[in-house]
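Novice: Position chain B against the provided structure of chain A, taking the given hints into account.
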Amino acid sequence: MSGAIPQRPLGRTGVRVSALAVGGHHLGDAPTYADAERIVAEAIDGGVTFFDNCWEYHNGRSEEWLGRALATGGRRDRVVLMTKVCTHGRDASLATKMLDESLRRLRTDHLDVWQVHGVVFDNDPDLAYRNGGVIEALDRAKQAGKARFVGFTGHKSPEVHYEMIARGYPWDTCQFPLNPFDATYRSFEQRVLPECNRRGIAVLGMKPMTGRAGPIVHKVASPEELLRYAMSLPVATTICGMESVDKLRANLKVAQGFESMGARSMQELRDRCRFTAADGRFELYKVSLAFDNPQARDAHGFPNDPTEKEVKEQLEEVTGTDKPR
Amino acid sequence: MSAASATLALSSSARAGGRTSGRADPPRPPAPIPRRAFGRTGAQVSIIGIGGSHLGDVRDPVEAVRIVHEAIAAGVNFFDNAWEYHDGRSEELLGRALQGGKRDQVFLMTKVCTHGQKADVAMRMLEDSLQRLGTDHLDLWQIHECIYDNDPDLHFAPGGVVDALAQAKQQGKTRFVGFTGHKDPGIHLRMLAHGFPFDAVQMPLNCFDATFRSFEQNVLPEAVKRGLAPIGMKSLTGAGDPVREGVVTADEALRYAMSIPGVATTVTGVDSLDVLRQNLAIAGGFEPMSAGQMSALRERVRAVAADGRHEWYKTTTHFDAKVGRGQHGYPTPEELPL
Numbered sequence: 000m001s002g003a004i005p006q007r008p009l010g011r012t013g014v015r016v017s018a019l020a021v022g023g024h025h026l027g028d029a030p031t032y033a034d035a036e037r038i039v040a041e042a043i044d045g046g047v048t049f050f051d052n053c054w055e056y057h058n059g060r061s062e063e064w065l066g067r068a069l070a071t072g073g074r075r076d077r078v079v080l081m082t083k084v085c086t087h088g089r090d091a092s093l094a095t096k097m098l099d100e101s102l103r104r105l106r107t108d109h110l111d112v113w114q115v116h117g118v119v120f121d122n123d124p125d126l127a128y129r130n131g132g133v134i135e136a137l138d139r140a141k142q143a144g145k146a147r148f149v150g151f152t153g154h155k156s157p158e159v160h161y162e163m164i165a166r167g168y169p170w171d172t173c174q175f176p177l178n179p180f181d182a183t184y185r186s187f188e189q190r191v192l193p194e195c196n197r198r199g200i201a202v203l204g205m206k207p208m209t210g211r212a213g214p215i216v217h218k219v220a221s222p223e224e225l226l227r228y229a230m231s232l233p234v235a236t237t238i239c240g241m242e243s244v245d246k247l248r249a250n251l252k253v254a255q256g257f258e259s260m261g262a263r264s265m266q267e268l269r270d271r272c273r274f275t276a277a278d279g280r281f282e283l284y285k286v287s288l289a290f291d292n293p294q295a296r297d298a299h300g301f302p303n304d305p306t307e308k309e310v311k312e313q314l315e316e317v318t319g320t321d322k323p324r
Numbered sequence: 000m001s002a003a004s005a006t007l008a009l010s011s012s013a014r015a016g017g018r019t020s021g022r023a024d025p026p027r028p029p030a031p032i033p034r035r036a037f038g039r040t041g042a043q044v045s046i047i048g049i050g051g052s053h054l055g056d057v058r059d060p061v062e063a064v065r066i067v068h069e070a071i072a073a074g075v076n077f078f079d080n081a082w083e084y085h086d087g088r089s090e091e092l093l094g095r096a097l098q099g100g101k102r103d104q105v106f107l108m109t110k111v112c113t114h115g116q117k118a119d120v121a122m123r124m125l126e127d128s129l130q131r132l133g134t135d136h137l138d139l140w141q142i143h144e145c146i147y148d149n150d151p152d153l154h155f156a157p158g159g160v161v162d163a164l165a166q167a168k169q170q171g172k173t174r175f176v177g178f179t180g181h182k183d184p185g186i187h188l189r190m191l192a193h194g195f196p197f198d199a200v201q202m203p204l205n206c207f208d209a210t211f212r213s214f215e216q217n218v219l220p221e222a223v224k225r226g227l228a229p230i231g232m233k234s235l236t237g238a239g240d241p242v243r244e245g246v247v248t249a250d251e252a253l254r255y256a257m258s259i260p261g262v263a264t265t266v267t268g269v270d271s272l273d274v275l276r277q278n279l280a281i282a283g284g285f286e287p288m289s290a291g292q293m294s295a296l297r298e299r300v301r302a303v304a305a306d307g308r309h310e311w312y313k314t315t316t317h318f319d320a321k322v323g324r325g326q327h328g329y330p331t332p333e334e335l336p337l
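Chains as they are written, first to last, in numbering that gives the first Met the number 0: chain A, 0 to 324; chain B, 0 to 337.
Only chain A is shown next, with the shape it has when bound in the complex (with noise of 0.2 Å):
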């Protein structure tokens, strides 16, 4: 199929995104500055508009690739531009500094939208709404005129996401898993999705094929089928991560010239997934650390257990000012 990529509104922002987004996380893993360089170019041209990104992915290298290919050519004025705080329930001051941090390897004056990382923990809302929590930087940021929008994302619980809904701040986006696992499971898209639209904030689809390869390794369903589904619920815009051009192109064919799945093949597809959804197996980010990083933990004051093998991975990645103790 060829064709553009559907361009859909961001909330009630009245900017305009690409169906289909890069993920920040997996543009670090390419072999080399090259490749991710390359990842992004051919994403622009073949017209995806949103960019993910995080204060925290690869301790950096993650921002830096990517301000580095958007330096190049005008990009960063062609894309939405998108990043992540992890003060991880810490103060507003950390988040203006981190804030200050991705313009710079970004290599841009402001951003598009600026997220919230990693809302996970229940006492995640007290945090971000304590005086001198986070929330304050947000609005700080959006005053300054260094993010137009703001949001918060997170993996774990949609009761969590919930609360930092109800407790009513004006989020611009919001970011959660979204995949016919999840349409039955601890289900973001029953409990989350309605209560955004509701409000008219931008739904930042991640996670379409579960983050791991689970689904596809055990034949579930394949990769198109997934993209397809979580490209179909009403979302502003699907994140993808693509860590190869390989990759980014079989995304890109889904992309361009995309039409919903229809109702009837969406619940197909959700009875499919179903059993294998109710245990939770292949949305691991829900059910395990294996998504929590360390740092996230240690910030809130909660124990890391080293002997934990999703533990030990993340710390030994870990190399920035900010590992935990």
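Treat the hints as calculated values from the structure; they're not laboratory data. Ideal placement from N, C-alpha and C gives every residue a C-beta, glycine not left out. All the given hints hold, so there is nothing to weed out.
Once the Cα atoms are required to be at most 16 Å apart in a straight line, the calculated EDC-like pairs of lysine to aspartate or glutamate come out as:
1) K172(B) with D162(B)
2) K308(A) with E334(B)
3) K168(B) with D119(B)
4) K218(A) with D270(A)
5) K308(A) with E333(B)
6) K117(B) with D152(B)
Taking CB as the label site, the calculated pair distances span:
7) T248(B) with E316(A): 37 to 43 Å
8) E286(B) with P233(A): 49 to 55 Å
9) Q104(B) with Y168(A): 54 to 60 Å
10) E312(A) with G328(B): 26 to 32 Å
11) E221(B) with G199(A): 28 to 34 Å
12) D86(B) with L314(A): 39 to 45 Å
13) N196(A) with R299(B): 35 to 41 Å
With the C-beta cut set under 8 Å, the calculated list includes, among others, these residues of chain B facing chain A:
14) Y147
15) D148
16) N149
17) T210
18) F211
19) R301
20) A302
21) A304
22) A305
23) D306
24) R308
25) H327
26) Y329
27) P330
Specialist: For chain B alone, coordinates are given in the frame of chain A:
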């Protein structure tokens, strides 16, 4: 509860039990153990119940029988069990202790462990349970471990375990029916939403649950609204870690659970006479904590409740029976596609 978790619970209870020493004359509780209405059933149950998994942890059968007898003498009438605890040993020990006329002094509950299998399997398990417990009827028969998102679908499918509950009631083999689970309030709510006339529902209730994926906030009010008897469990979180770590005392944790408005009884794990006496001392003449005291305790532990570290039954697979995963066709934790 799985064998692995039972082991965890054993060690923690042993720690908690270590706080009291000596096994001389059994001290009598200072006052009778209060009873409460068991939902809309008309039955009255003691505010504290004896858990079947821990009873099976008692090595010496004589001590296990003594625990049951001493509990009954002190006014406990609610006894928990499950078909699969210790491969039947828990039911056998309790059955032995109830011989000689004690059966009629207690409100006897056990659980059926189909884990998604059909009603015929359930009815065979019921016969096993009745035979081991040495009785012709249960007071309460519950579906064990509703913990997977598709459990409501499996249990309510035609020929599913819910059919067996109705059949057992009709045949007079159980007076009342219910279900249990430790994982997710949403699953409990979907079980309730079917509108089946359950008489009871069992769930973890403790000061950590109060603010994290909370059964207390989400399920308890719904159960009360429908006239079901809520049964609390895991008052010390099943593994006792917060007690060992000094976050709460065993005393305040148990008091919190028993003070929650609406709860009919609190099932506690008792694997020694020491632990039994400690719990009886709390339950005798029990006065619930005030709303203010409860709120203060919730707030004190809120920060450590928020990552689920003390509620492993919600956040890990440690408390999920392996046989249950197997029967659902799910891989073992070791086989998960990490």
